[in-house]
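**Q** Take the sequences, apply the hints, and build the full model.
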Amino acid sequence: MSKARMQLMLCSGTGCHATGSKRFHEALDAELNRQGLTDEIKIVETGCNGFCAVGPVMLVQPEGIFYQKLTAEDVPELVEEHFLKGRPVPRLFFKEHMSKEKIPHIDDIPFFSNQVYRAMRNKGAIDPEVIDEYIARDGYFGAAKALNEMSSEEIIDEMLTSGLRGRGGAGFPTGLKWKFAHSSKGAEKYVLCNADEGDPGAFMDRSILESDPHVILEGMTIAAKAINATKGYIYCRTEYQLAIRRLEIAIAQAKEYGLLGTNILGSGFDFDIEIYQGAGAFVCGEETALMRSIEGKRGMPRPRPPFPAYKGLWDKPTILNNVESFANVPQIILKGGEWYASIGTEKSKGTKVFALSGDINNIGLVEVPMGLPIRTLIYDIGGGIPNKRKFKAVQLGGPSGGCVPEQHLDTLIDYEEIAKVGAIMGSGGAIVMDDRTCMVDMARFFMDFIQDESCGKCTPCREGTRRILEILERICDGKGEAADLKSLEDLCEVTSNSSLCGLGQTAANPVLSTMRFFMDEYKAHIFEKRCPAKTCQALLKFTVDAEKCKKCGLCFKACPADAIVWKKKEVAFIDTTKCIQCMSCYDKCPFDAID
Amino acid sequence: MWHTYLISAFKTNPLATRGVCILPTAVVSFLPWQTSLNQKTDKVRLEMEHKDKSMIIDGRALRFTEGETILEVARRNHIDIPTLCHLKGATPTGACRVCVVEVEGARTLMTSCTVPATAGMVVHSESPEVIRSRRMTIELMLTSGRHDDCLVCPSSGDCRLQDLAFRYKVKGATFTPSGVKYPMEAANPFILRDFSKCILCGRCVQACNEVQVNEAIDFGYRGAEAKIVTKGDRALKDSDCVFCGECVQACPVAALVPKNARLVPRMSETRAVKTTCSYCGVGCQMNLHVKNNRVWHVTGCEEVAPNHGSLCVKGRYGFDFIASEHRLTTPLIKENGAFREASWDEALDLTARRFKEIAGAHADAVGVLTSARVTNEENYIAQKFARTVLKTNNIDHCARL
Amino acid sequence: MTNPISDIEKADVILVTGSNTTETHPVISSAIKRAAKFGGKGLIVIDPREITLKQYATLKMAPRPGGDIAWINGMIHVILKEGLQAKEYILDRTEGFDAMAEAVAPFTPEYVEKITGIPGNTLVEAARLYAGAEKGSILYCMGITQHINGTNAVKSLANLAMVCGNLGIEGGGVNPLRGQNNVQGACDMGGLPDVYPGYRKVHDESHAQTMEKAWGVTGLSRTPGITATDMVDAAIDGTLKALYVIGENPLVSEADLNHTEKGFHNLEFLVVQDIFMTETAQAANVVLPALCFAEKEGTFTNTERRVQRVRKAVDGPEGVPADWEIVCDLARRMGVPMEFKSAEAIFTELAAVTPAFSGLSYKRIEKEGIPWPCPTADHPGTPRLHVGSFAKGKGTFFPIEWTPPAEVTDAEYPLALTTGRVLYHYHTGTMTRKSKGLNERSPECFVEMAGSDAKNLGLSDGTLATVTSRRGNIKARVKVSRRMHKGTVFIPFHFAEAAANRLTNAKLDPDSKIPEFKVCAVRIGSAPEARG
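Protein chains in written order, with the numbering used here: chain P, 1 to 595; chain R, 1 to 401; chain U, 1 to 532.
Since the hints were derived computationally from the structure, they do not count as laboratory data.
Watch out, some of these pointers could steer you wrong.
Every beta carbon over 12 Å from chain P, so not counted as near; a handful from chain R, in silico [to be verified]:
#, residue
1, MET110
2, ALA272
3, GLU325
4, LEU350
Derived SDA-like pairs: lysine to any residue, alpha-carbon spacing no greater than 20 Å straight-line [claimed, not checked]:
#, chain 1, residue 1, chain 2, residue 2
5, R, LYS391, U, GLU339
6, R, LYS391, U, PRO337
7, R, LYS274, U, PHE340
8, R, LYS291, R, HIS308
9, U, LYS363, R, VAL273
10, U, LYS10, U, GLU134
11, P, LYS486, R, ALA173
12, U, LYS81, U, ASN121
13, R, LYS274, U, VAL314
Pairwise CB distance ranges (calculated) [claimed, not checked]:
#, chain 1, residue 1, chain 2, residue 2, range
14, R, ASP148, U, LYS436, 52 to 58 Å
15, U, LYS363, R, GLU346, 37 to 43 Å
16, P, ARG245, R, VAL152, 55 to 61 Å
17, R, GLU346, U, ALA391, 55 to 61 Å
18, P, ASN114, R, ALA119, 49 to 55 Å
19, R, ARG75, U, SER6, 21 to 27 Å
20, U, LYS436, R, VAL152, 22 to 28 Å
21, R, ARG75, P, LYS529, 48 to 54 Å
22, U, ASP204, R, ASP349, 52 to 58 Å
23, U, SER389, R, GLU346, 54 to 60 Å
24, R, ASP349, U, GLU205, 32 to 38 Å
25, R, LYS171, P, GLU239, 40 to 46 Å
Think of the CB as a built atom: it goes at the ideal place given N, C-alpha and C, for glycine as much as any other residue.
**A** Here's what the structure looks like:
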């Protein structure tokens, strides 16, 4: 391989792909070809870089210049100015949201500089389809150490020392889970990787799989050695076609290199991995349902005990960890549990990956040290709330989680601390909401999702979530009654307390958490028939508040139905006979003047 | 701790242990007993420390054997934890959540049918929290589909949901019933599927897949749309179903009933007569459900060998012949190639005379074909008749067919 | 059965042959399916048809009809060759091993394959699977017995079980699945030409004297009587002049019906006592109504020898007495009074004269039936036979030779016909064909055949065909099915209007006198459809 003077780390993750990285890549290829630069400048298609909000993005190495929002039209200028003349193009630098300052260097961009990469250490740094690049960054060194130098007990001890807890959300100590499975008797054991990421707004697993598939294979191999398993499955949702393709390539390469299969690295240890594509049922992210699904049955949870560590897949001892958990394993083994535990809080060690989405400037994937205040996550890394709107809450843990409101923003990222405010760490989905989000409607949204995804097996989840949804819909429709609040409380309690699996037990969390922090909104809906966030259509009046109206005419311009009467320097008026209630005027009005 | 004491107080109330329903609001009235009962529980707890394989349910120290569930320990000791989806002989599914109990130290309520007893476990089978949960679960079941027509429901009086509603005084009035989502299916001769009565407890699925292993039905669709379906959600008659009716017997409500259940006396009106099936050689023990000198239903006897409740389509549904209008009711004598009715005396006298004549004239000229269908007693009498009256060993039956 | 039904799930390997269990004994089939599916037990199914049970099988074989002794001997051959036999058991508990071993010596897998069509390696695998199990249970039904060499086939199965030490243990046994509710009881009660209740031999002087004493009579005939099938011949040649048929329908169920009908029509006097006007009753001089099982008290003995109560649930047709009352009445009218107050009183007497029943009473079987032998009032009953030692002391191996079926296919009759039951009907349909529902599920006779056979004959699914054997012909609709192998067709025998037994061969097994229902040669052609 000839040595290039410049490497262009072009993100080809799903986000950047969607914003046009492929077209840019083709144009860049053509230009480099035309200029005869292909030997000295190398394009590396990486997995997700994480900064999806400004994609397509590209990092120019070794300088560390970060370009954003690239288009094919930018190519000639980039090549001419930067790659040939050495003058980076400021027009394509990252622009700070508040100060509007242009920042050329990746390390100076707050989005990146506040992060600590462990699970995502290879994201954007390697070509995920080339095993040598993974190995060049210490890849499979952990597995080699585990397989050749460590006993199962030593691996488990290292994991226990690291303090790594299940990154799928529940936070069960990974080492302990392995210890149980290790002590469980059985000739056949299984290692499963849960890549059935189903939370709305979550894409952590997908990004890791797309950007660094080998780390999962390595993590699973180490786990297999720890519990003495010979077979592993990655349960990946079928929608993640790119992730699946890269995993397939990775498995083939690993086998070719003797890093999977029989007698791995001459250690005498055998382990094989298969990919199982899930058909998209949310409940199949639940461990027992996932196992049933691999067995070819309908994905329905079964009660625990017996726990999978004793009776899992095909009734054999099984461990299931999620993608992020496995991604941390190789480095823990290589650098030691103490190294991993050196950051974080007392009970939550290491880092956590979050998928920032919603009403936040820097939508993307970030990895932060445990113990970071949520505020830092939202404002420094996330870049705050767009359009000068006010932060209202961040939903952590998706439909199973809860919201953290403004007054609790200084809560630290820590399993227990987050639980204290009624949310959960979850798998890392962080949906930020500004003051235009109706919290009742948000709870309704998640309940709609959950009741749709309930497998239908146990009564509280199947019927309870349906009833909760019914009540929330009624409230949002302006038909709520005082008794509904009591019913909601009762239903939520029983659903949480008596459901069979985690899906049902956490189903009511969004409702409980919004009722806890935003009861005034519920009451406004029920007693005043008013939606304070102006989201619930049935409660909107479609009139202009003359006192608030600044007569700017933005609503007039936004209305697609010619329903707004407005003249310069006059208060706007909505002709309700023409109004189609599309809410364009609400969205456009900067003064909240439309009721 | 106060909470625990309250529970044990409630628990040990004599009415509660007799299975009489006490609503959570009634708990307050037992508060005065609190102190003395605390001491009792503590004493039991102390005694228990010296024994392994013991647990406490409702303040009683109970021994258990490895692998026994909380439910099994409780039932063995006459502690009545209600169940709905639990089907004997099948893997517990923990689906209905009616049997939830409070296990000290557990994060949520636990289903007693699935959780194995462990040493030192402390269980409250009817704590206020448990009762609140059961009442809500029952309420949710009562308002799913249509359960407001017990008056005309074929399973009334033989319905576990009705029993539970009574025990916990739940009326199904909190929510609007979700009504009929899937139409009834009656397109087969034996089984009526009324999905509006189905509470998705899954007993039929267990009965079909784990007991009879016919594998004809399973859960289909998701969430509130869930439905028990055949492969491809086809009608039973076009599925793998063999109409053994194990599912009908397992159904705790009226979601699966005999086809004619709405036209014949309810099960609860009938008297059960235990007998042996008259078809194949398995000798299944069955109950004939009788009213007005007629058999209306047949069920398998769950408590005894050899079938432990199972039957096949013939045993369960092939009983029409008993009341068939084609039954022979009077002796017939053939004259000139045609039968005419005769009195018993005439027919028997004729028979006796002819047998006597022929047997008297020729040795072994009369034969008897007795039957593998009649009783031991009748076979015994038949062969005794052949040997002592007809004086021949010419007796046989279709043992070989 | 030597072992109880509950032993099925205790076996490590279950071998089922000549039994379409899911249709004929559905409740037992569930136990087999549970064992295979959830218990992880081995299941070997041997049947000419691809019956439903084969879906659960670890290993399946499809011998041509009539090849049973060959594959059984073949399995024993492999077991002995590979040294898999239970050596100590054979030494301690059996006799006649060497002669048997010599008899199976020629049955190499290659030879068996030639006779049965079972691939040699499959046979070897089956032998290893069965012999490798600690506890092996054999279940069989009429597919084994209803052959000219049926008795020998059963003896072969016993050889197989004993070679592996599987007789007299829990989860083992050679277990016939009795086809009718009380066929076991009818035999136990002496409803056979050669034995008294409890299998005392009629030709044995001391046995006869015992019975004379018990019954208070003299002059019991020491000559064994004739079997049902022989009665037909005796009727034809005139030595049998009168017949009293109680609850049977031989004019549908007997083999070679045309022949049977000839015999019945030749009788001087025929009395049929039944609950319905059966095909046999039609031929009678006197028809006597009877009560069905729901209308009377009594006991049935099931296939595992469990004596169970039958209880009266409803009154029968007015004035109709129970079968036993009719017989007693006849006896009285013939001047030999047989007086009993109740069924229970009869049971008390039969228990007294049947040693295996001595300990039984209605009271003892009130809750749950008890399997005989039960010699004393405190004996718990005997769910398993031959435990510790055989009834006769040592288990005897019989050297069994394979013989071809009495009738084999040829150019004129190129297809092998085998008969049996369907799930929805029972025997001659006297009861089940009165059920609207059962008839809706299974309304008419059919001839089931492989697609390739149908194609060769120019027939398709649903066309009406004529099936002809050397003895008669019937019409039935073609059912093309993947369950059938080429060359073999199946017809259920429940349907009087298209009675399979018009075709079957009445050639008897010389020992058991069982006709060869399970194989005969037929030809099939399309039949013109009657219009209107």
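**Q** Looking at the structure, which of the earlier hints fail to hold?
**A** 1, 7, 8, 14, 17 and 22
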